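Peer 1: Residues per chain are reported as follows:
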Amino acid sequence: ACGGGDTAQKSNAQPSTTSTSGTKDINWEERIAKNQSIGEIKTMTSFNYSANIANANAWVADELGYFKELGLNVKVMPGLSADAMKMLAVGQLQMAHAGTAGEIIQSVGNGAEIKGVLAMAPVGLIALMVLEDSGIKSVKDLEGKIIGYKGAMPANISAMLKKGGADLSKIRQVSVGFDPTILKTTEVSAITVFKSNEPYQMEKLGYKVRLLDPQDSGVQTSFGIVGANNEFAAKHPEAVEDYIRALLKAHEWIVQHPDETIKILDKRASGNFNTDIETNRLKVETSLIDPAKVPGKGLGWFSKEQWQSEIDILKDSGISIKPVTADQVANNSYVSKVYDGDKLIWPEQGTKK
Amino acid sequence: MSQSVTETNGGAVLSEGKKRTKPLSESKLKGAASSFLTPLIAFVAFFCLWEMIIRIFKIKMVILPAPSGIFTELLRNFSFYLPHIWTTFTEAISGFFIGALIALIAGILLSQSRLLERVLLPLAVLAHVTPIVAIAPLFIVWFGFGAFPKILLAAISTFFPMMINSIMGFRSIDENNYEYLQSLHASKFEIFIKLRLPNSLPYLFSAARTGMSMGVIGAIVGEMYGGSEGLGNVLTVAANYLQMERMFAAIMLLALIGILLTNAVKVVENRFLHWHSSSK
Amino acid sequence: MSQSVTETNGGAVLSEGKKRTKPLSESKLKGAASSFLTPLIAFVAFFCLWEMIIRIFKIKMVILPAPSGIFTELLRNFSFYLPHIWTTFTEAISGFFIGALIALIAGILLSQSRLLERVLLPLAVLAHVTPIVAIAPLFIVWFGFGAFPKILLAAISTFFPMMINSIMGFRSIDENNYEYLQSLHASKFEIFIKLRLPNSLPYLFSAARTGMSMGVIGAIVGEMYGGSEGLGNVLTVAANYLQMERMFAAIMLLALIGILLTNAVKVVENRFLHWHSSSK
Amino acid sequence: MSYINVENLSKRFVRRGQLTEALSEVNLEIEQGSFVSFIGPSGCGKSTLLRIIGGLMGAEEGGITVGSRSPSEMQSDKQFGFVPQSPALFPWRTVLQNMNIPFEVNRKSTTDLSDAKGDPIELLHSVGLGDFMHAYPKELSGGMKQRVGIARAFASGAPILLMDEPFSALDEITRELLMHQLMKIWEQHKKTVIFVTHNIQEAVYLSDKVVIMSSRPGRITSEVHIDLPRPRVESVIESPEFYNYVGQLRELLRERW
Amino acid sequence: MSYINVENLSKRFVRRGQLTEALSEVNLEIEQGSFVSFIGPSGCGKSTLLRIIGGLMGAEEGGITVGSRSPSEMQSDKQFGFVPQSPALFPWRTVLQNMNIPFEVNRKSTTDLSDAKGDPIELLHSVGLGDFMHAYPKELSGGMKQRVGIARAFASGAPILLMDEPFSALDEITRELLMHQLMKIWEQHKKTVIFVTHNIQEAVYLSDKVVIMSSRPGRITSEVHIDLPRPRVESVIESPEFYNYVGQLRELLRERW
Ligand SMILES: Nc1ncnc2c1ncn2[C@@H]1O[C@H](COP(=O)(O)OP(=O)(O)OP(=O)(O)O)[C@@H](O)[C@H]1O
Ligand SMILES: Nc1ncnc2c1ncn2[C@@H]1O[C@H](COP(=O)(O)OP(=O)(O)OP(=O)(O)O)[C@@H](O)[C@H]1O
Ligand SMILES: [Mg+2]
Ligand SMILES: [Mg+2]
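Chains as they are written, first to last, in the numbering used here: chain A, 1 to 353; chain B, 1 to 280; chain C, 1 to 280; chain D, 1 to 257; chain E, 1 to 257.
The shape of chain A in the complex, shown without the other chains:
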């Protein structure tokens, strides 16, 4: 089952297509009963309890009972995306959240049978941060400087450097820890950051910073990814669909209730949480999502081309993976079905409560 780019293009041109019309006639009673028969669905967030979009969706959906409303017995677990991908691959998880599409692609390239089924925003979250007074305004200015990365250099940054015409041999790339203030305290001039996190931390500490955003040089990636185990998705396509449906429903609520959202997460983390930082994260990420929405499509929808370009970015940045196709790594058919046009389909209040 594959949504396919063509359909996407078509529906793009024709917003109120009938392609989703069938879903309007969902027999909810039957669907809920079917969902209930599946048993527990395990899912894992990409970064514990932090207010990343998609993660927050899952926690809120759980808190507000959206999963239950659809008959899904979902167990949301805090985790890290690197683990989550592996557990998804072996079927210990049925669904899992990834930070970036790249993680799904790399997992598939390593033999994992999983697919991306939701991308909250077709826009990159990772950027390069420099101090405002560093004089670095473009990637070319980074020549002769040191860039710090966490774990590994993200592909979209590598792509940005290339596109900007920087001489990579003149840039030293080093792995660094969690602390963004090393821009001030060490000879590192730029570090990879989440737009929704480190800039705010730096601001709080009183440092003025500037972001070099791959998005600006046309390096398009995405964030807020949800992946599904292939076997599970093939067996229970409706469950995958309804999982997404609950997340998106939760998102609508989150946009309305950011403060309550933070409270919910704080409670879930039993205090192992930073309200300021997470409030900011949520704010920044929700603000990134909206303008990036594919016109005429519901939130979270993505195209095949989008994934293809992410595959290409990975390849170009020299990360060796086995060749994969866009169809192997993503399937937008589930997210396509949760919308009527760009309106989320949700069972009438009568069926529940």
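For the record, the hints were derived by calculation from the structure and aren't laboratory data.
Keep in mind the model is a prediction, meaning the values are calculated, not measured.
Take the hints with a grain of salt, since some may be wrong.
Stated by the list, open to error - Over the 10 Å line for every Cβ pair with chain C, so calculated as not near, a few chain E residues:
1. R15
2. Q75
3. A88
4. I101
5. P102
6. Q181
7. E202
8. I237
9. S239
10. Q248
To be verified - Using 30 Å as the maximum straight-line C-alpha spacing, the simulated DSS-like pairs for lysine-lysine come out as follows:
11. K60/C x K235/A
12. K68/A x K145/A
13. K188/B x K138/E
Positions of the beta carbon are idealized from the N, C-alpha and C atoms, including for glycine.
Once you've looked at the hints, dock chains B, C, D and E with the ligands against the given chain A.
Peer 2: Here is chains B, C, D and E with the ligands on its own, set in the frame of chain A:
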């Protein structure tokens, strides 16, 4: 003039033998107090120095927080830390005992045969050198989010020093005593139980001290990569939030657990090693 | 009947003393070969088992790569790994020697005085229990991206087991020998050099084996959080890209370094510990 | 054939290319229930021979049987009570606990030694260590340690006693006391005693046969049968026969030293 | 006042609440250059007294001076050559290297002992260990180890020798040899020798004075001055005076045992 045997000191001896119970237990109490007091003083001195350095050089909190801030954080949110302490503590200690047990068994096998040692020791080195930081995520994937993978990591961390020391300890026997047991046709097992094991106690207790703190580290690393409990988790989350005071509070608590556990080893050691020259 | 002393075996003795040089060096060669061969066989068996498990249970590469894949990756890109191996190796070994030296000095101090032990040991435990994973990033800030912070981390990792074992080793002396030296009014330093140090060698060599592999781990962790060189860096980058074969290739190389270094300890040990009952 | 037969036994130690011939072509017969002493210069191989008889060591050449079996078979049958030259006390055990070692490892013995076994506590009292039952070895004097080793061998009830200079660290009176105890046990239980000593009087007083060894290489130079009446009373020491034996042995020792 | 003065010395050991009175009110005078033997039952405190004289141990009560100084001062002046009851050989050193220990730690001595010092290699040959110079202690027999300890004390050149049963593991002939060597060194270098033994003949043959101790508590019961001509020749053993002394000592020992 350093004394080479336990001796009475001066007048105390002259009192009657029966009256000795009281002063003895008193001196025991005193000993216990001083054995708590001296390290306490050391710590207070250490933290004062630290605090002074922070203030004199005006070091920012993101670089290194002041002890005052760390302790304030600790005291204010103590109930927050409590369950995490318990989690890490139980994981570390279970891991330690499992790791120690396996290490002893391995030590017995490897000390019995040079061939087995040549075959298995490199594999043990492989297991030990493989950074737990690298395998922790795999363990989470293989064994889930419960306490098990953390206990396993603690056990692996404990294992190696225990095994290496136990091999050496089991072999460092007195030839005369060994020969005497042989003359009784003691089985390998009896020689182990009666001679090798008690003889290796100084080695085992040394290793247990190292192993205890390594067990704590193993548990922490496991917590860093999976689950939402334990001081390891508090540590990473705090690090990510740049909550340096909380991060260092977690480190303090870890150190406390480590010190507690190594001191527990010491207590057991004093009980079992009074006959050894190291206990003078 | 197990023999309790070095003995000649049967006929060989009857040959002339002078002719013994040749067969001796031959048997040495043979010994060296077998001491390489046996672990090799162990490893081959281990990897075969691993490969079989992967094939039988069809385990996916993201979970655990097959040895065949790992070795293919290793051989194909060997020149890529070479400089990283060298970096990690030198850092680990420098760290080991620095850590061991400091540990010896600390061991001397602490073994001389119970008071000093009570004061300083808890601080040492604090340093050891503090997870290097947590302080590695701080070290980068303090000491930059060169080899220094990694060497420091390797030294810290080496330090603790070396110190704990050296304290016990320095104390586990023979009372008679100690008394004899005292009768000569040997200074504390002389007693240390002539009695405590040689006597502690079995402890020190055991600790060195643990310390060597811990030094490697310390270096790796440093590389994970700072810099662009070394197997630790290769490891994290690969882990983050989910390049499992490369990740495990790095682990293999780390294990190789660890095994090499612990074997080096063994060689030195054989040289210095022939008099000890453990060297039978 | 006698009880213990040593035939053409040779034993060598090699250290860094240098050869020590500890024993060379030793031939020896020992009757069951007899008391045989070994005497000879320091380093001549007495302890080594004792170890070989006790099955603690193999030899390069020659054969040895004890009760028509091999030493290690006899050892596995718990036939030997060994008093090593340096008292093998376990430092983590009290004196009494050290006494108990033979009982703790004797469980699998097929021979029933229960008759011959002594009571550890009683024996400790009889060697003058009643007050030190619960002391640790490091709290004992040299002679006290040695007495524990002797008492332990007595307690074990083993039919063959291998005693390597057991009285060397004892004063004359304690030594006499223990000698009498040894004689009593030996006579009562018909033990075979192999006894190494440097004290010629002691050897003559105790033995049926004294074996004289010489060193480099260690070999047996002569055997002297002591035909003094049994049981030996103290006054025998003053008899001319006793005096003669001592003189003869001294001569033999001096000759081949 | 004499060279070594012990006054009212008492020494106790306590273990788990139990008290051992090792020495009780010991009074003793030893002249410089004299040869004094101690004899007494096993465990009576001979080794303990030797340790206290050598400054290796303190006492609870009483005073002790050696050459009007305290034992530890004398020790720091490298005045003592100590032969412990169990030969203190370092297992990682060869015999020769063990011989060299006193020289290695004697650097800071203010007294010049160079005259009195012996050549280690020569001394090893003279105690019959020439072939075992490069052997390790574990390759030696019991008596050989003891001889290394004695040779080491001879080599050190210390003016006061504290010898704790030095000949206990040696055969008669080796023992005689070493006794003569000891006498020679003692006479040549005017050493003061404090000698613990269980052998009454040995004590009489060697000593100017024999001190007899009894045990529980350890105390000195009598002192016997040996007025036999010096230098003592072997034939003295057969003299009636010698015989008398031996008998007297044996009596004294037995009386208070
Ligand atoms: N483990 C060993 N390695 C090498 N040589 C040894 C070993 N044990 C004994 N020897 C040698 O064998 C010879 C005989 O030793 P053994 O202990 O049997 O002598 P002994 O007759 O008991 O002497 P002593 O009366 O001094 O105890 C000695 O020359 C000694 O050096
Ligand atoms: N470290 C110690 N702890 C407790 N008691 C001790 C210690 N050392 C010696 N003693 C006790 O002191 C007493 C005297 O011991 P010492 O070694 O002086 O005897 P000794 O006369 O040398 O005997 P031997 O002839 O057997 O060597 C003994 O009763 C012994 O148990
Ligand atoms: Mg012997
Ligand atoms: Mg003594």
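Peer 1: Give a verdict on every hint.
Peer 2: Hint-by-hint comparison with the structure:
1. With 10 Å as the threshold on Cβ separation, the claim that R15/E sits away from chain C holds: the shortest Cβ distance comes to roughly 15 Å.
2. The Cβ of Q75/E sits about 5 Å from the closest Cβ of chain C, inside the 10 Å cut-off, so the non-interface label is violated.
3. At roughly 4 Å from the closest C-beta of chain C, the C-beta of A88/E falls inside 10 Å, breaking its exclusion from the interface.
4. Distance to chain C contradicts I101/E as a non-interface residue, since its nearest Cβ pair spans about 7 Å, not more than 10 Å.
5. With 10 Å as the threshold on Cβ separation, the claim that P102/E sits away from chain C is violated: the shortest Cβ distance comes to roughly 6 Å.
6. For Q181/E, the non-interface assignment is confirmed: its Cβ lies about 21 Å from the closest Cβ of chain C, beyond the 10 Å cut-off.
7. The beta carbon of E202/E sits about 23 Å from the closest Cβ of chain C, which is more than 10 Å, so the claim that it is off the interface holds.
8. Residue-level check passed: I237/E sits 32 Å from the nearest beta carbon of chain C, beyond 10 Å.
9. At the 10 Å boundary, the C-beta of S239/E stays outside the reach of chain C, the nearest C-beta of that chain being 36 Å off.
10. Even its closest Cβ contact with chain C, about 33 Å, leaves Q248/E beyond 10 Å, as expected for a residue assigned away from the interface.
11. Proximity of K60/C to K235/A is assessed by CA-CA distance (about 20 Å); at most 30 Å being required, the pair is judged to hold.
12. Between K68/A and K145/A, the direct Cα distance comes to roughly 52 Å. Violation of the 30 Å bound is thereby established for this hinted pair.
13. With a C-alpha separation of about 23 Å, the suggested pair K188/B and K138/E falls inside the 30 Å cut-off, and the hint holds.
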